[in-house]
Amino acid sequence: MLISEQKPLEEILGYLDGDKSVFIIGCRGCAEGWGSGGERQVAEMANTLRGKGKTITGSLVVDMLCDGALTRLKLRAYKKEIAAADSILVLTDGVGVQTVAELVNKVVHPGCNTLSSGGAHAEWKEAERCLECGDCMLEFTGGLCPIARCSKHLLNGPCGGSQGSKCEVDPNIPCVWQQIFDRLTKLGQVNKLEKLVAPKNWSVSLISGTPVKRHS
Amino acid sequence: MKTRSNLERVLESKIFAVTSELGPPQNADPEVIRKKARILKGHVDAFNVTDGQTAVVRMASWAACLIGKEEGLEPIVQMTCRDRNRIALQMDILGIAALGINNMLCLTGDHQKFGNHPAAKGVYDLDSIQLVQMVKDMRDSRKFQCGEEMAIEPRIYIGAAENPFADPFEFRVARLAKKVAAGADFIQTQIVYNVDKFAEWMKRVRDRGLHEKVKILAGVAPIKSVGAARYMKTRVPGMDVPDSVVARLQGVPKERVPKEGIRLCVDIINQVREIEGVAGVHIMAIEWEEVVPEIVEAAKLLPRPRLVT
Chain S
78 MLISEQKPLE EILGYLDGDK SVFIIGCRGC AEGWGSGGER QVAEMANTLR
128 GKGKTITGSL VVDMLCDGAL TRLKLRAYKK EIAAADSILV LTDGVGVQTV
178 AELVNKVVHP GCNTLSSGGA HAEWKEAERC LECGDCMLEF TGGLCPIARC
228 SKHLLNGPCG GSQGSKCEVD PNIPCVWQQI FDRLTKLGQV NKLEKLVAPK
278 NWSVSLISGT PVKRHS
Chain G
-5 MKTRSNLERV LESKIFAVTS ELGPPQNADP EVIRKKARIL KGHVDAFNVT
45 DGQTAVVRMA SWAACLIGKE EGLEPIVQMT CRDRNRIALQ MDILGIAALG
95 INNMLCLTGD HQKFGNHPAA KGVYDLDSIQ LVQMVKDMRD SRKFQCGEEM
145 AIEPRIYIGA AENPFADPFE FRVARLAKKV AAGADFIQTQ IVYNVDKFAE
195 WMKRVRDRGL HEKVKILAGV APIKSVGAAR YMKTRVPGMD VPDSVVARLQ
245 GVPKERVPKE GIRLCVDIIN QVREIEGVAG VHIMAIEWEE VVPEIVEAAK
295 LLPRPRLVT
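First to last, the protein sequences are chains S and G.
For any residue, its number in our numbering is found by taking its place in the first sequence, counting from 1, and adding 77.
Going by our numbering, 80 is the number at position 86 of the second sequence; the sequence numbering is gapless.
Incorrect hints may have been included.
Beta-carbon label-pair distances, calculated as ranges [unchecked claim]: (1) G:D201 with S:K263: 43 to 53 Å; (2) S:P251 with G:N79: 22 to 32 Å; (3) S:K97 with G:V50: 48 to 58 Å; (4) S:D212 with G:L88: 50 to 60 Å.
Some chain S residues flagged as far from chain G (calculated, every beta-carbon gap over 12 Å) [claimed, not checked]: (5) E88; (6) L90; (7) R127; (8) K129; (9) Y155; (10) A160; (11) E179; (12) S193; (13) S239; (14) D259; (15) G265; (16) V274.
Computed list of lysine-lysine pairs in PhoX-like fashion (alpha-carbon distance at most 25 Å, straight line) [to be verified]: (17) G:K130 with G:K63; (18) G:K227 with S:K243; (19) G:K294 with G:K218; (20) G:K(-4) with S:K269; (21) S:K269 with G:K130.
Simulated from the structure, these hints should not be mistaken for laboratory data.
From the three backbone atoms N, C-alpha and C, an ideal C-beta is built for every residue, glycine too.
From just these sequences and the hints, can you work out the full model?
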């Protein structure tokens, strides 16, 4: 069970600044269980964003958003609504956000912070995609996580060891910063990477070492 | 002048700067540093001491810097984010400034996996760009990373590295721009063997006007053997060694390869010197420091400006 909570509304609105229309995706699995992105929260978010002048082109709640095959299938029925949206807001943990980012050629905003995996791992066999850092960075990185997938957790771009799309630490690991660069280039948003990203707040992260759970 | 750095003084005087590097020992022997420092003295404007390069435990950079300073050289301390969080970094920055060390090269650091303690926990609380920004804020705003103020600021001339040969190439200049925006005063690049690619990178640097905001020192290094060239070509992450370089070394008898490697280094210095925006060279002859004077002399970079501290 991945434990997540919604980001503060101002933060989400900041992400959506400049987007007129939004498609919202939630998950009936963990996010439903933790009240961060189930049916009800998706409907509430749609209302809230309408109240802020956004057009909601549609919404979708998938049983297990981290299941890539299932999500791909579900997304097919919403091609038009997604095409009509400027961006997609995903209300679930970091794994779900990255699943959507991988399937859709559109800007994907994370609506939640992932606090803990609750001891269980997600559906991804090939790589861990979320390190429960509690302060989701996917907004700035094209929906690919540099905390979980960069050997040095870099936030301002690739290190000097990225060559041939591979991580210097292990040639079997793709360089996630190359992937981030490629995806943002494809989305016409590569200038996002020019922004200086400030030091991260690790105090909300489980890997920082605090054994205290914020959810009971 | 932002600092009392000799390197800053040289670069600001538009003199083509020469820095070199000194590898600290894997033990507590200060004589190793003294010996290497005496070799470099008079031939360089400042010297770097690596900070646990390739993640192997060695004498601390700041300590070896201090020993070299006692020998009358200007040190550049290297500081990586691999082993220190923001608390430790700031404590070390205050410490080196108090010791009279005026330059610091901000690095993310080689991954711990490559070293002799691969089981170590990597820190990476900050990345190199955030480290640059933090030193800049400490120096120019007297602020710690948390925002609290300090009474006496560390007057550090801020360096950063850049690798024109890593991927994605298109992003490498943008990354340099980020380091400049964060507060880098000087840059020491990855070792240049592919001069054409370096020249293309410098062109893009000039297109953005970055060469006017930061002093760029091109990294160069002599090669001792054909094996070393091949190793760098295939095994060292982020290196670009063209086939022509390997072929040039292969083209001479084995006993003459070191001489040819030195000549190649001098040739590259002469080539990068002609590129607009290159403010100096950084000669990396790790564990081969004794050839640095010969290289500097052959490249006609002597005499060096008198050290003022």
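Hint-by-hint comparison with the structure:
1. G:D201 with S:K263: 43 to 53 Å: Because 24 Å falls outside the window, the suggested range is violated.
2. S:P251 with G:N79: 22 to 32 Å: Since P251 (chain S) and N79 (chain G) have Cβ atoms about 27 Å apart, the given range 22 to 32 Å holds.
3. S:K97 with G:V50: 48 to 58 Å: 55 Å, holds
4. S:D212 with G:L88: 50 to 60 Å: Roughly 28 Å apart at Cβ, these two residues miss the hinted range, so it is violated.
5. E88: Its Cβ never comes within 12 Å of chain G, the nearest being 20 Å, so this holds.
6. L90: About 25 Å separates L90 (chain S) from the closest Cβ of chain G, which puts it past 12 Å; holds.
7. R127: Non-interface label stands for R127 (chain S): nearest chain G Cβ at 37 Å, farther than 12 Å.
8. K129: 31 Å, holds
9. Y155: For Y155 (chain S), whose nearest Cβ neighbour in chain G is about 32 Å away, the distance exceeds 12 Å, so it holds.
10. A160: 28 Å, holds
11. E179: Holds, because the least Cβ-Cβ distance between E179 (chain S) and chain G comes to about 19 Å, which exceeds 12 Å.
12. S193: 20 Å, holds
13. S239: It is violated; S239 (chain S) is separated from chain G by about 5 Å at its closest Cβ, not greater than 12 Å.
14. D259: Label violated. Min Cβ-Cβ 8 Å, cutoff 12 Å.
15. G265: 14 Å, holds
16. V274: Violated, since 8 Å does not exceed 12 Å.
17. G:K130 with G:K63: 23 Å, holds
18. G:K227 with S:K243: The given pair, whose Cα atoms are some 16 Å apart, holds under the 25 Å limit.
19. G:K294 with G:K218: Roughly 21 Å between the alpha carbons, so the hint for K294 (chain G) and K218 (chain G) holds.
20. G:K(-4) with S:K269: 31 Å, violated
21. S:K269 with G:K130: 23 Å, holds
This entry does not satisfy hints 1, 4, 13, 14, 16 and 20, going by the numbered hints stated previously.
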